Structures are given as structure tokens and as C-alpha cells.
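Q: Okay, here's what each chain looks like letter by letter:
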Amino acid sequence: MSSGTLLQRFEAGDIRALARIISFVENQEDGYRELLSRLYRKPRHAVRIGLTGPPGAGKSTLVDSASRKMLKAGNDVCVIAVDPSSPFTGGALLGDRVRFKEETQGGRHFFRSMASRGSSGGLSGATDNVALVLDSFGFDFVLIETVGVGQVELDIVNNCDLVAVVLVPESGDAVQTLKAGLTEIADIFVVNKADRSGADRIVTDLTSMLMLRSGQKTHPTVAKNPNIPVISTDAVHETNLDELVNYFDSLIADRKESGEFDVRRRRQVLRKVSRLLQHRFMTETLQRSSSKAEIDRAVDSILAGKDDPYSTADRLFSETNLAPQSC
Amino acid sequence: MAEKDTSNKKIRVLLAKPGLDGHDRGIKVIATALRDAGMEVIYTGLRQTPETIVNAAIEEDVDGIGVSILSGAHMTLFPAILAQLKKQGVDDIVLFGGGIVPNEDKEKLEKAGVKKVFTPGAPIVEIIDFVRNEVGRNRADEKIM
Amino acid sequence: MSEKQLQEKKLQEKQAPKPKSAPEAKAKRFCTISDVEINRLYTADDIDQSKLAEKLGEPGEPPYTRGIHRDMYRSRGWTMRQFAGMGNARQTNERYHYLLAQKTGGLSVAFDLPTLMGYDSDHANSLGEVGKCGVAIDTLADFEVLFEGIALDGVSTSMTINSPASILFAMYLALAEKQGVAWDKLRGTLQNDILKEYIAQKEWIYPPRPSVRLITDLVEFCVKEAPQWHPISISGYHIREAGSTAAQELAFTLADGFCYTEEAIKRGLDVDSFAPRLSHFFNAHSDFFEEIAKYRAARRIYYKIMKERFGAKSEKSLKLKFHTQTAGCSLTAQQPENNIVRTAIQGLSAVLGGTQSLHTNSMDETLALPSDKAALIALRTQQVIAEETGVTNTVDPLGGSYFIEALTDKIEAEAMAYLDEIEERGGVIECVEEGYFQREISRASSRYQGEVESGERKIVGVNDYVIEETGPSIPVLIIDREVEEEQVKLLQKVRAERDNERIKSALAELQACARGDGNTMYPILDAVRAYASVGEICDALREVWGEYTEPPVI
Numbered sequence: 001m002s003s004g005t006l007l008q009r010f011e012a013g014d015i016r017a018l019a020r021i022i023s024f025v026e027n028q029e030d031g032y033r034e035l036l037s038r039l040y041r042k043p044r045h046a047v048r049i050g051l052t053g054p055p056g057a058g059k060s061t062l063v064d065s066a067s068r069k070m071l072k073a074g075n076d077v078c079v080i081a082v083d084p085s086s087p088f089t090g091g092a093l094l095g096d097r098v099r100f101k102e103e104t105q106g107g108r109h110f111f112r113s114m115a116s117r118g119s120s121g122g123l124s125g126a127t128d129n130v131a132l133v134l135d136s137f138g139f140d141f142v143l144i145e146t147v148g149v150g151q152v153e154l155d156i157v158n159n160c161d162l163v164a165v166v167l168v169p170e171s172g173d174a175v176q177t178l179k180a181g182l183t184e185i186a187d188i189f190v191v192n193k194a195d196r197s198g199a200d201r202i203v204t205d206l207t208s209m210l211m212l213r214s215g216q217k218t219h220p221t222v223a224k225n226p227n228i229p230v231i232s233t234d235a236v237h238e239t240n241l242d243e244l245v246n247y248f249d250s251l252i253a254d255r256k257e258s259g260e261f262d263v264r265r266r267r268q269v270l271r272k273v274s275r276l277l278q279h280r281f282m283t284e285t286l287q288r289s290s291s292k293a294e295i296d297r298a299v300d301s302i303l304a305g306k307d308d309p310y311s312t313a314d315r316l317f318s319e320t321n322l323a324p325q326s327c
Numbered sequence: 001m002a003e004k005d006t007s008n009k010k011i012r013v014l015l016a017k018p019g020l021d022g023h024d025r026g027i028k029v030i031a032t033a034l035r036d037a038g039m040e041v042i043y044t045g046l047r048q049t050p051e052t053i054v055n056a057a058i059e060e061d062v063d064g065i066g067v068s069i070l071s072g073a074h075m076t077l078f079p080a081i082l083a084q085l086k087k088q089g090v091d092d093i094v095l096f097g098g099g100i101v102p103n104e105d106k107e108k109l110e111k112a113g114v115k116k117v118f119t120p121g122a123p124i125v126e127i128i129d130f131v132r133n134e135v136g137r138n139r140a141d142e143k144i145m
Numbered sequence: 001m002s003e004k005q006l007q008e009k010k011l012q013e014k015q016a017p018k019p020k021s022a023p024e025a026k027a028k029r030f031c032t033i034s035d036v037e038i039n040r041l042y043t044a045d046d047i048d049q050s051k052l053a054e055k056l057g058e059p060g061e062p063p064y065t066r067g068i069h070r071d072m073y074r075s076r077g078w079t080m081r082q083f084a085g086m087g088n089a090r091q092t093n094e095r096y097h098y099l100l101a102q103k104t105g106g107l108s109v110a111f112d113l114p115t116l117m118g119y120d121s122d123h124a125n126s127l128g129e130v131g132k133c134g135v136a137i138d139t140l141a142d143f144e145v146l147f148e149g150i151a152l153d154g155v156s157t158s159m160t161i162n163s164p165a166s167i168l169f170a171m172y173l174a175l176a177e178k179q180g181v182a183w184d185k186l187r188g189t190l191q192n193d194i195l196k197e198y199i200a201q202k203e204w205i206y207p208p209r210p211s212v213r214l215i216t217d218l219v220e221f222c223v224k225e226a227p228q229w230h231p232i233s234i235s236g237y238h239i240r241e242a243g244s245t246a247a248q249e250l251a252f253t254l255a256d257g258f259c260y261t262e263e264a265i266k267r268g269l270d271v272d273s274f275a276p277r278l279s280h281f282f283n284a285h286s287d288f289f290e291e292i293a294k295y296r297a298a299r300r301i302y303y304k305i306m307k308e309r310f311g312a313k314s315e316k317s318l319k320l321k322f323h324t325q326t327a328g329c330s331l332t333a334q335q336p337e338n339n340i341v342r343t344a345i346q347g348l349s350a351v352l353g354g355t356q357s358l359h360t361n362s363m364d365e366t367l368a369l370p371s372d373k374a375a376l377i378a379l380r381t382q383q384v385i386a387e388e389t390g391v392t393n394t395v396d397p398l399g400g401s402y403f404i405e406a407l408t409d410k411i412e413a414e415a416m417a418y419l420d421e422i423e424e425r426g427g428v429i430e431c432v433e434e435g436y437f438q439r440e441i442s443r444a445s446s447r448y449q450g451e452v453e454s455g456e457r458k459i460v461g462v463n464d465y466v467i468e469e470t471g472p473s474i475p476v477l478i479i480d481r482e483v484e485e486e487q488v489k490l491l492q493k494v495r496a497e498r499d500n501e502r503i504k505s506a507l508a509e510l511q512a513c514a515r516g517d518g519n520t521m522y523p524i525l526d527a528v529r530a531y532a533s534v535g536e537i538c539d540a541l542r543e544v545w546g547e548y549t550e551p552p553v554i
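Residue numbers (my numbering), protein chains in the order written: chain A, 1 to 327; chain B, 1 to 145; chain C, 1 to 554.
Any given hint could be a false lead.
Stated by the list, open to error - The list that follows gives simulated cross-link-like pairs (lysine to aspartate or glutamate, EDC-like), each with its CA atoms no further than 16 Å apart: (1) Lys-106/B x Glu-469/C; (2) Lys-313/C x Glu-61/C; (3) Lys-101/A x Glu-51/B; (4) Lys-9/B x Glu-29/A; (5) Lys-313/C x Asp-270/C; (6) Lys-143/B x Asp-14/A; (7) Lys-143/B x Asp-30/A; (8) Lys-101/A x Glu-550/C; (9) Lys-101/A x Asp-526/C.
Unchecked claim - Take a look, some chain C residues computed to stay more than 12 Å from chain A by CB distance: (10) Arg-29; (11) Phe-30; (12) Ile-38; (13) Ala-53; (14) Glu-61; (15) Val-155; (16) Arg-209; (17) Ser-273; (18) Pro-276; (19) Lys-313; (20) Leu-376; (21) Glu-430; (22) Glu-501; (23) Glu-547.
Hints were generated in silico from the structure; no laboratory data involved. Please read these numbers as outputs of a predicted model, since none were measured by experiment. The beta-carbon is built from N, C-alpha and C at its ideal position, and this holds for glycine as well.
When you get a sec, could you build the whole thing from the sequences and use the hints?
A: Following this line, the structure appears as C-alpha cells:
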């Protein structure tokens, strides 16, 4: 084993140290915040691409094939694949690695399976931090594959620069896609398994639907883009994968030029700061203003019809030093 | 999700099938059982070489590697995985496994550094207890910064 | 109330929990190993008497429920076919001569994993596997040694090989040429059933569609060139070993066979030109009556579908012939001698179910490859059933039993429901690609495993009747590791001595054929004659078709 602290070895490009630090951050072990603070100050340049979509869409195969295309172009590429944790036992079966074929040509290749550990937005609560670790390590691309339960997995938008929604001919008609809210998070639609019957239909459907919807509201963190491309691929036979990777590149380039890329990053950072603040504030307020018993009493009063949640919240807030001092 | 400061470590285990046989019924039963016991199980599938298994174990930062070998190649494959671990400088990931392994070979393998070899008919509870108690105990405590 | 409703009501009454005064029925479920609930008693009410004659027929008459021959074992016993093969071709050849001297009925070749997976013995992935689970074959040179002193027109040979089946069959054909034996004199069977590999055993190379084309090529070749050969043995054995229920084994196997039949018909072959040469291969598990019912239901379904769906007319196309092997997965490492008993009972169920050939497992299977002694006991087990028990004296001795007929109907209905489901999902290949079979089997196997873990299902010597044991109490065969080195040397010698230019052009021709739609058997034969290796030929096809990865199903 090489010498030095984990961070020193990490900085020297040691894969084992990288893997250890990911666990450290994922497990939120003592000192992880200090470590993240250090990493936030390091130069980074990775682009984060998220892939989401219903089960059976072939996301893993697509991620694997796309990552190898990127590697061959000389990039360092890593993949984070998230699978669900059991809500009952906390255990998880992470099977996405089955699809991963180690690539020896081209840049560095790294794969990490993560369990969602109680988060329901399609990723793990720690995904953002793990992506930061990988970015700091020097990867050019971080590909993030969501759990893929078929409903909208909004976390992906808050963690990625670009979101690809992967569908298959069997995913159903465009209306269902619309209903699921997938059009609001997609930067690109990928119709995978295009060798199957029905592929052409879903591509046409999606395209015409997207044209109709252009100009409508999208998810707040997604910059308005009326022209969401639809591309059909066949990851197993590697059909159209070069095109897909080129699409990624050109979308990123366009957005960097138009400034949309930075707008989205700003929103993500702002959101992260707000969430941390919210969390901090909650803890502080609850600790400072009242003991647990006091809150219980307030809840009792609300239930008894003698108080209401709004007044209770105002009262709790006023007990913090953040409340405006009356003069 | 709110970030908290309390650590939530889980036992992480990599399960793999080295060698050429495709009998993955047993290892899948173990995978499910370990998950149900609250562990995070990374299943890597069929026909993994010792090198890919060890690389995967490093990337996934697991506490243990469990392999199933039913083809009779255990006397080649277990030592090859041990050698690969040594080559990569890994001394704190536990290697265990199961398969059609005669007692004589089992003893040899356990002497050579395989923590435990389970033979057909081993109760699943015994395997779960082993992983819970023996895997992840001797992770090196490394200084972060 | 209609007749059907009446029967259902009776059924409910029979299965309804007994009143509290009957303590014997308390909580305990009576189920087959496949979780089929069994009644306390079966009576005439359990059988639709009006349809009985039509459902059973006479032995040798449609729908063949009672067997495909009028006289069954009275006129001809089943073939006692013991699977064998280990180490190199020389060692296996010695075993064959030994078995032939013990009056075994046919030869059976077990190949090692590198051969089954299409790798040469010197490939990195073959490390530690050469000669371990069967004989190592790289080139025709190994086949020449394997069958030394055995005239190919005098034996029937069964080869357990799937993805590279065409290559090994081509070697057999090339060897016949060398022996001066005409191809139409060759008798035997290739397993050559790739669909069950995707479903259960997982020894595949290429994706499903090109793999099925290879099989259709071979079927077409046999119709034209080797009419006595059985080109496919449609196998449920491995599906069962993977943990399926009896009905799943039956349904998935038949579905695979119907898929091959459909492809061959699409190729332009007349169903009656190849269907008589199709054979099946089932498992004989431990639930005695369930297994017998399974074989009887198999014949009835097969008859119906071959006739109605594929329009087969020849009697031989309508009769389901099958080989049986006792269940390897039922054997235990604990108290291994008990395996002799299990195997005997399983073998008996296959005979009562009307099998055409039988392999009985050796007691040491869970420990290693069979030793000579264990293999001999396994063969003797069959001989005891055939010669001493008297069960061969009459045809289908259990026919008409209330229980057997009701159970046959039940398994038939369950299997038919699966066949419909597979059709609805778009057919076998779609179901493979989508992981349907894998999921169904995995569910069944978890259920069974749970029963064993909880002790609800008792396995003698494993979760009950356990005794302290120290190591294997029976001697086991150990393959020494020199086999691998020798085999690699042999292969390298062949590579040095052959005409490598000829190999290059033969492989190029094969690739051209694979890209187009010609019959791949002919260019494979040319490559084999030139001593191209299994690995080289498979690699040439891998370049064209790619390799398969399964959808992850846990």
C-alpha cells in the first residue's frame, strides 16, 4: 500500500484512495464536510450527464456503450449507477455492474454502484457529493444512471448538466411519457432498442408532441429549450452510439456558449445552499426554541382546535435570533 | 434529503462468478439473502476473471468478495484471486466462497488465505452470520487528510 | 350448476380445511415439490370419465398419453446412456471402451467448459477449466483419439454441446469420412438447444437470433445429409436444475421445441421431414408421481400442438420421444450414499413415465466427477430396475389411477397456460431477451429454497437426520492439472503442422456465409477438415455476430 493520507493518494491518482473517499463521503463519516470543503476549492471540469427512464429501457447497456465511446475518444469517464435500497432492511442488490465491461483502451474508466439509501428521487442523497469527488479526481465525464422506476426522478435534474431520458418501443405512447412528466426533465430523448417493432412510431410521436409543446413551461432548473432532440439507438448492437455521444458534445457546447450551462449550475448550487441552510435552520430552530415536549404540546393544541400551524411556526421562528427585533 | 453527521456505514459485499460455468442459482440466492440481511451486495455476473473481480472490489470499496465456483477449477481460481489481491496491495478485503469443493481442497484453500469455503448444503443463515461477523472487521483505518 | 362448476365445488370441498376435530390436517400443507397442492384422496370424481378414453388413448396411439409404443419395454428396453467424459481425449476413450464392455447402450460425450464456451484450451479464460467437467476438444485431432477403436457406424453417440454444436458435429462427420462411414449411417443426438441456455444453463456465445439460425442450418443439413441423426435434444433438464417447477420445465421446454420447429418451417422444410428426428430431454426429480404425470402430459400436449399448429401428419412427428436424467440438484454432499437411493427412485419414475433413454447420476456428483465405482453403481441401478423390479412387464402400469390421471390433467393445464402466456408475450426469443423465463424460474427457486431453509421441506441428511461427518466418505476422482498442459501442447503441435493458409481462407468463407444467409454447416465442415480449432471458428463467428449479455435478473 502506498504511503500518505487518503487525500494525498487521491490527489496522486490512486484508484483505491478514490474508492475509499467515495465511501467516506457516502457514509458521511466524521470529517466528511471538511473534506468536501477542500474538494469544492479544487479545480474541476467534469460534465455530468444523467440517464433516466423506465425499467427495462436498457439504461445500463446504453451507459456502458456510451462510456466506452467516450473513452475511445480519449476521455476519462466514470459511471455512478444507483439501485434502490430496501425500505425494510436497508439492504440493496446492486446489479448494474453486470453490464459494465472494463475498457482497456483510451482514458481511465471507473464504475461505482450506489444504493439509494432511503432517498426516493431516483438517486442517493449522497450522489451529488460522490460526483464532486469524481470530478475532483479529474474525470472528464460523470455518467449518472438513476434507479429507473418509471416515474419522474427529479434528483437527476438537480445533479446533472444534461439529462437523457431513455425509452423503448414498449414504453407506451407519447401521452404516457407526457403524463409521467418526462418531457419536463429531458434535454434529449433516447429511444433505445430501436431494432424492435414500434420504434419508429414512438420517435415520430415524441417528435410531434415535443413540437406541439415547445414554448410551454419546463422544470424550473431546466433552461427553456424548445428543441429537445430525439435519437434512436440500439445499445446492444452499438447502433447510433457515436451520434448519441456527438449529440451530448454539441448540446454541452451550445449551452456553454449560450450561458445556459452556467445558469443551470448556478441554480444547482443555489439549491444546495438553500437546502443546507434549511436543514441547519430547522435543527437550530427546533433545538433553540423548544424542547421536544414543548412542540408536542403545540401539536396537541392544534389538534384540540386551540392553535394553528401558522401561528405555531411564527412563534417558533420569533424565538430565534433571526427574527426581527421589535423596538 | 437532509445531510446528517452520523455515519451510516453498511457492509458492502461483491459477489462474482469466476470461471466458465453458468450455474448462478446458488450465488443469486446468497445475493438476495445478504440483501435481506441489510447489506449492500454488488453482483457482477458470470465469467469474471480474477483481475476484473479484484478491480471491481477495489472500485466498489467492498469489505468482502464472495465467489461461487462449481466447475472444479477452484484450486486455480481461488489462488488466482488471492494473487491478484496481493498484487494490488489489498490486504483488508475478505475473500470467501462456495462450490463443489472436496474437504481436502477446502482445507488447503483456507490455509492459503481464503477466509471460508462453504460447501453444498451450507445453511444460508450460517453464510449470513459469517459475513456479518467476519467480513468488514479488519478494514484498515486510514487517515483521510 | 354446470358440470365444471360442480367439479370445482367438489374440489373446494376437498381442499377446504378440515373441521377442528380433525387434528391431522392442522396447518400442514400437502404439496408436491413444485408446490402443487395434493388432496387427501383421489376418486373417480377427480377424473372426467366421459373424456378419459379420448385423453388416454391406447399405448402407441394418439394422444400417446400412455406411451409412444404399443408394447413399450416388453419389446425393447430403454437405452441406458451414461454421460461420460473427462480429462483429455485419451482418458475418455479408455472410459468408452470400459463402458462398452459393461454393455452400456450408447456413448455420451461430456465436453469441458472451454469447449462448451467456444474457447481453445490455451485461451486465458480456460485457465483451470481444461478437462475438468468433461473432455477437452480443440481440433479434429482430438476427435480422432476420442473415438479410436470405435467404428462410428456401430454406436449411437450423444453429444452434450450447444453453442458450438455445429463445429463438434462437423468433427464427427469429418471423422466418419476418415473412417469411410457414410453420413447416412451415423446415429446419435446433439443437444444443440441454445434456447434453454439463455433460460437456464447460461452457456451461450452469440445473441439468440443468430444462435437459432445456426440450429436451423444444422436441422436443414441433417434432413439432407444425415437423416438418422437427431439434430436437437430439446432440453428441460437444465431448466429444472435451475430451480423451475415441473410445469415450468415442461412448458418452457416444449415452447423451445416449437420455436425451432417454426424456424425450420420458415426455412422451407416440411415439418414431417425433420420433426421425427426431434427429441426431448427431461429431468427426473424427487417427487415421484408429479414426474410421472409430467411425462404423460408432455406427450399429450406435444401431440396436440404438432398436429393442430404445425400440421404434422407423419405418426413419428406426433410422438414425443425423450431422454431422462435424474436430478443432479437433488443430490447432497452430506451422506452421499443416500444419493444412490434418490437416483433409483427418480430413475423408476422416468421408466414408469415411459422414457426412451435414461441417465442415472452417480452418488459423488456433488463432490466431483464420478469415480469408476460410483458410475458403475449408477448403471447397475438402471439394470436392477429393468431386470428385477418387474415394472417393465406391462405398459403404463399407472394409467387409470385416479391420482395419476388427475395430476396429469393438472400439469397439462398449468403448462398450457404458460405456453399461452409465452405466445402473448411475443414468443420464446422475446421472452428470453426480456428476462421472463429467468424471473419465473427465480421465483420458483426462491420459494423452494425458503421451504428448505425454514425446515418446512425436509432433505434427509441436510436439514434433518443429520450426522457428524468427516470429509467425503467416498473416494472421488481428481483430474490432475497436467491434463491442461498436455492439451495445450497438443493444440500447439496441431497448429504448427497444419496448413494455416487453408485455415485462413476457410474462416473467411465462413464469415462471408454468416453475414449472408447460406447454410453455415458447409463452411464449418471445411474449416474442421483443415484442423481449425473450436476457438478459432467461434471467434470468426463472434466477429460477425457479437457476444450475448443477459438482462440481469436476480
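Q: A separate judgement is required for each hint: does it hold in the structure or not?
A: We went through each hint and held it up to the structure:
Distance restraint check for Lys-106/B and Glu-469/C: the Cα-Cα separation of roughly 15 Å lies within the 16 Å cut-off, and the hinted pair is therefore satisfied. Distance check on the hinted pair: Lys-313/C and Glu-61/C sit about 14 Å apart at the alpha-carbon level, within 16 Å; holds. Restraint check for Lys-101/A and Glu-51/B: satisfied, since their Cα atoms lie roughly 13 Å apart, inside the 16 Å limit. A C-alpha spacing of about 8 Å is found between Lys-9/B and Glu-29/A, which places the hinted pair at or below 16 Å, so the restraint holds.
Restraint check for Lys-313/C and Asp-270/C: the C-alpha separation of about 10 Å stays at or below 16 Å, so the hint holds. The hinted pair formed by Lys-143/B and Asp-14/A meets the criterion: a straight-line CA distance of about 15 Å does not exceed 16 Å. Between the alpha carbons of Lys-143/B and Asp-30/A the distance comes to roughly 12 Å, so the proposed pair stays at or under 16 Å and holds. Restraint check: the Cα-Cα separation between Lys-101/A and Glu-550/C comes to about 13 Å, which is no more than 16 Å; the hinted pair holds.
Distance restraint check for Lys-101/A and Asp-526/C: the Cα-Cα separation of roughly 34 Å exceeds the 16 Å cut-off, and the hinted pair is therefore not satisfied. Once the 12 Å rule is applied to beta carbons, Arg-29/C is consistent with being away from chain A; the minimum gap is 26 Å. For Phe-30/C, the condition that its CB be more than 12 Å from all CB atoms of chain A holds, with the nearest at approximately 31 Å. Distance check for Ile-38/C against chain A: the nearest CB is about 33 Å away, which clears 12 Å, and the non-interface claim stands.
Every beta carbon of chain A lies more than 12 Å from that of Ala-53/C, the smallest distance being close to 45 Å; the non-interface claim holds. Chain A leaves Glu-61/C outside its interface by the beta-carbon criterion, the shortest separation being 43 Å against a cut-off of 12 Å. Separation of Val-155/C from chain A is adequate, the least Cβ-Cβ distance of about 42 Å exceeding the 12 Å criterion. Listed as a non-interface residue, Arg-209/C fails to keep its Cβ farther than 12 Å from every Cβ of chain A; the least gap is roughly 10 Å.
The Cβ of Ser-273/C sits about 31 Å from the closest Cβ of chain A, beyond the 12 Å cut-off, so the non-interface label holds. Separation of Pro-276/C from chain A is adequate, the least Cβ-Cβ distance of about 34 Å exceeding the 12 Å criterion. Non-interface status of Lys-313/C relative to chain A is upheld: no Cβ of that chain comes within 12 Å, the nearest being about 33 Å off. Its beta-carbon lying about 42 Å from the closest one in chain A, Leu-376/C satisfies the requirement of being farther than 12 Å from that chain.
With a closest Cβ-Cβ approach of about 9 Å to chain A, Glu-430/C is found to fall inside the 12 Å limit, against its non-interface label. For Glu-501/C, the condition that its CB be more than 12 Å from all CB atoms of chain A holds, with the nearest at approximately 30 Å. Once the 12 Å rule is applied to beta carbons, Glu-547/C is inconsistent with being away from chain A; the minimum gap is 10 Å.
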